[in-house]
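Q: Residue strings, one per chain:
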Amino acid sequence: MDTPDSNSTEVISTPVPTETTVIEDRTRRNADNLEVKGGGGLETRGLHAWFNKHHALADVSLHFPENTVTGLIGPSGCGKSTFLRMLNRMHEFIPKASMAGEVLFEGRDIYATDVNPIEIRRRIGMVFQKPNPFPAMNIGENVIAGLKLAKIKVKDKDTLIEECLTRAGLWKEVKDRLKAPGGSLSGGQQQRLCIARSLALQPDVLLLDEPCSALDPGSTLRVEETIVQLSESMTVVIVTHNMQQAARVSDYCAFFLSDGGPGRLVEADLTTNMFSNPRDTRTADYVQGRFG
Amino acid sequence: MTDTATTPERRRLTTNYTPVDRVFRGSMTAGALFSLVVLALIAAFLLYRGFEIFSDFGFSFITGEVWNIGDPMDTSTAVLGIGAMLVGSVLTAVIAILIAVPFAMSAALFIEYYAPKSVRTALTALLDLVAAIPSVIYGIWGYAVLLPIVEDWSVPLERWLDFIPIFDVPSGIFGRSPFLAGLLLSLMITPIVTSVAREVYGQAPRDLVDASYALGGTKWGAIRNVVLPFGRSGLVGGAMLGLGRALGETVAVYLTLNLVFDINFRILGSAGGNVASLIATKFGEATPYELKALMAAGLVLFLVTLLVNFLATVIVNRSRRIV
Amino acid sequence: MTTALAPTAVPAQRRPWNRRRQTVVRSGILVLASLAISYGLTETTELGGILGFYLGLALCLPVLVFAESIRHGWNVAVDRVAASVIVAAFGAVLIPWASIFLTVYRKGSKAFHAGYLTEDMRITPSSDPLQFGGVAHAIVGTLIMVLIASAIAVPLGITAAVYIVEVKGRFAGFVRFLTQAMSGVPSIVAGLFIYATVVIFFGGFSAWAGALAYVILMLPTVARTAEEVLKLVPDELRSASYALGASQARTTFRVVLPTIASGLVTSAILGVARVAGETAPLILTASYFVATSTNLNEPIASLPIYIFSSLGLGDDNATTRAWGGSLVLLIVVFVLFALARTLSTRLSRK
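Protein chains in written order, with my numbering: chain A, 5 to 296; chain S, 82 to 404; chain H, 305 to 654.
Be careful, since some hints might not be right.
With a straight-line Cα cutoff of 25 Å, these simulated BS3-like cross-link-like pairs (lysine-lysine) come out [stated by the list, open to error]:
hint : chain 1 : residue 1 : chain 2 : residue 2
1    : S       : Lys-198   : A       : Lys-100
2    : S       : Lys-363   : A       : Lys-57
3    : A       : Lys-159   : A       : Lys-134
4    : A       : Lys-159   : A       : Lys-179
5    : A       : Lys-155   : A       : Lys-176
6    : H       : Lys-535   : H       : Lys-472
Quick caveat, the hints were computed from the structure, so don't treat them as lab data. If you're wondering where the values come from, they're calculated on a predicted model, not measured in any experiment.
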């Protein structure tokens, strides 16, 4: 694995295909019935992703309104997770990965040569599918692990730990056993611990990659509650296979689909519109469960 | 609602093997236990032949510093002790470990996390190749090439560090020293330690490394917080394997360390020896009584390396099971 | 099916995070700078000689790297220093091994002449000029002992592996543990054991004794590699054979072993590579002999002892012969190693 840090751009040229694309491009370029409020906005423009020669994601332009939850939905293998990882510059850890397009955070392209990806990852946090608390640390240490890694000094560790665990909806359950090892919690608790860990860095955006797929229904509901609460203070993007979850949790939805080629954004809209009155037939088919 | 009333009794299954298979299984078992037989025989014979020495000298054989045959006709005049050699074995092996481990860790981390993936198989192959270099070649190179270099280094080293006893050399004779032998041994055991370390570091859980990056950590942060703690027990096991090899190494030490019967901790000075090179040196012209002493020494060496390798295997296996 | 729009052009693939050219340039400058500074230090201060230079380098490089990258923040600086130390340490470790290969080649090739591989030392004292004499006796001796040892150790090793993997007897874990314990026996102890038994009993050094010492050292390697290779055979193969009513013996010999035949050969080769270079046991068992011999009951020559004894003579020509022997031995080990690797890659490709 490389630690990338950007300075020079390497361009790999690809021949432009001469055949015409068969699917109709009806991507909504903007959820334009909501204003962008000041800085902190996250937006992608014409984003492409490749794994070596394999074109995984094509031309995704999507705007994430502040303090909302956007759900990325679509059948498996259409690039949702790849797209998510491009938002916090984790995509580049895969050997022979390449990209095109821009990801704008607070108006600036995060892939610009003068941007430090480490800073980006602190302000755009990520929670993974399988809960991964550090086993060698106890619960309290796990919460502030990000700060320890960044060598950021914390004046009042205990208050911060309590605050993060409360926001993650875990405080009441673990407040008496902060010294217990991180691995001693149940799956749902571990996932909320990972959320608390990300929160300690006070990110502007939180990315969640199918956070509940490894959890039981009870834990899932609790994590979903947490996600909705978090959106009051940050932008949340969540990849999910579960349409009911998307309907419960997200304000906006973006539907991805691949026709055998690269994954593309088919439609993006308010969740309520997407489910009751989708514009594209493929969206309608998917949300009604005709495939997926 | 009677389905779980009683669970039926479990049947014991036995296999009656055909005569062909019984012979097959029996002979395979016998062949496999051959190694047990050999190990036991080694210990038994060395003990048998060396027993007289242990009864004559008791514990002082292990601690004594003097190796004096005395009058060959009268074995009661002999004073034999491998203490100096045991210290030498341990000293050179410890020096070897202290040098080899940091370099092995660096090499393992380099191969797994810093080298481009295309080079990784080539580097691993190179590592295996270097591990196969015979010790006599290390010995001859150590004598011809490394010795003058280390001699050169020992002079300024002694000058700067002579306030620390182990670096002081009052005799002013450098050359074949425990430091040289230890350095050469470290070269010989680095491939083994690196291989084990590389295997363990490569198995560090990727999702924890990902989590570390996602929190805005650097590559070194991920290594320090995830990979190194994860690989600690594997590394210890690998180091002990290297230690076992270093303790028993004969020819390389023979060529780079003079046999001096003096418990010597001055690593830059020309004195020392280890048990294995003692056996090799004295063997040619040993009296029958001395031969028995060499057998006894061999037994001690055998037991020590057996113990170290046993511990190493346990630790390495335990680290593998955690994966 | 919807109609096509205007063709969308696919933009060029980029890797904006890739800064290989800039890192190389930057690292190059830093390395050169530290080299220059350490050289300067050795000239001007007490720090003398090569040791001083290396020490200076070891101090300079991290400091310079740190100074250059601290402007990006503490974490990046520590990360870069760690990277430079790790890479430098790896490079440092490669230097002695490269030196070994180069020295053996350089000094050893001086001893080579037309008859080097076919003549022996029966009429040539080691101090004679280098165009006389050769290593034929050593090669033949090593070959003989290795062949005998393989004939014993390879079947036994495969047997142990078969016991562990196929028969899965009660002692399987114990046997595996024993094999690992046996691999830790120092070579001199193996030699001592054979001396204490065979040599004393039969009254003299012999090729037999040497071969038996080899067996003790080869067996664990063969057994362990054979076990790993046997484990690669998929269980479906065995199930198919048993389902056809074959006995375990037949399944093992007709189905399992032939499947990984090349793997078993690899384990034999690795065992040979392990022992071909061992000196210590031979000192106590086969000793040495200057002529090419096939008499198994007498001392016999071998490459390692040839090297070892030539070295002990202190004569310049003898020492060069020792290097020549080293070169031959190294080539032998190389060839065995390459053979084992090609066989094992072919096995894994199946």
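Q: Could you run down the list of hints and mark each one as holding or not?
A: Hints and how they fare:
1. S:Lys-198 x A:Lys-100: 10 Å, holds
2. S:Lys-363 x A:Lys-57: Distance of about 67 Å is beyond 25 Å: violated.
3. A:Lys-159 x A:Lys-134: Cα-Cα ~31 Å, so violated.
4. A:Lys-159 x A:Lys-179: 20 Å, holds
5. A:Lys-155 x A:Lys-176: Measuring from Cα to Cα gives roughly 28 Å; hence the hint is violated.
6. H:Lys-535 x H:Lys-472: 12 Å, holds
Taken one by one, the earlier hints fail for this structure at numbers 2, 3 and 5, listed in ascending order.
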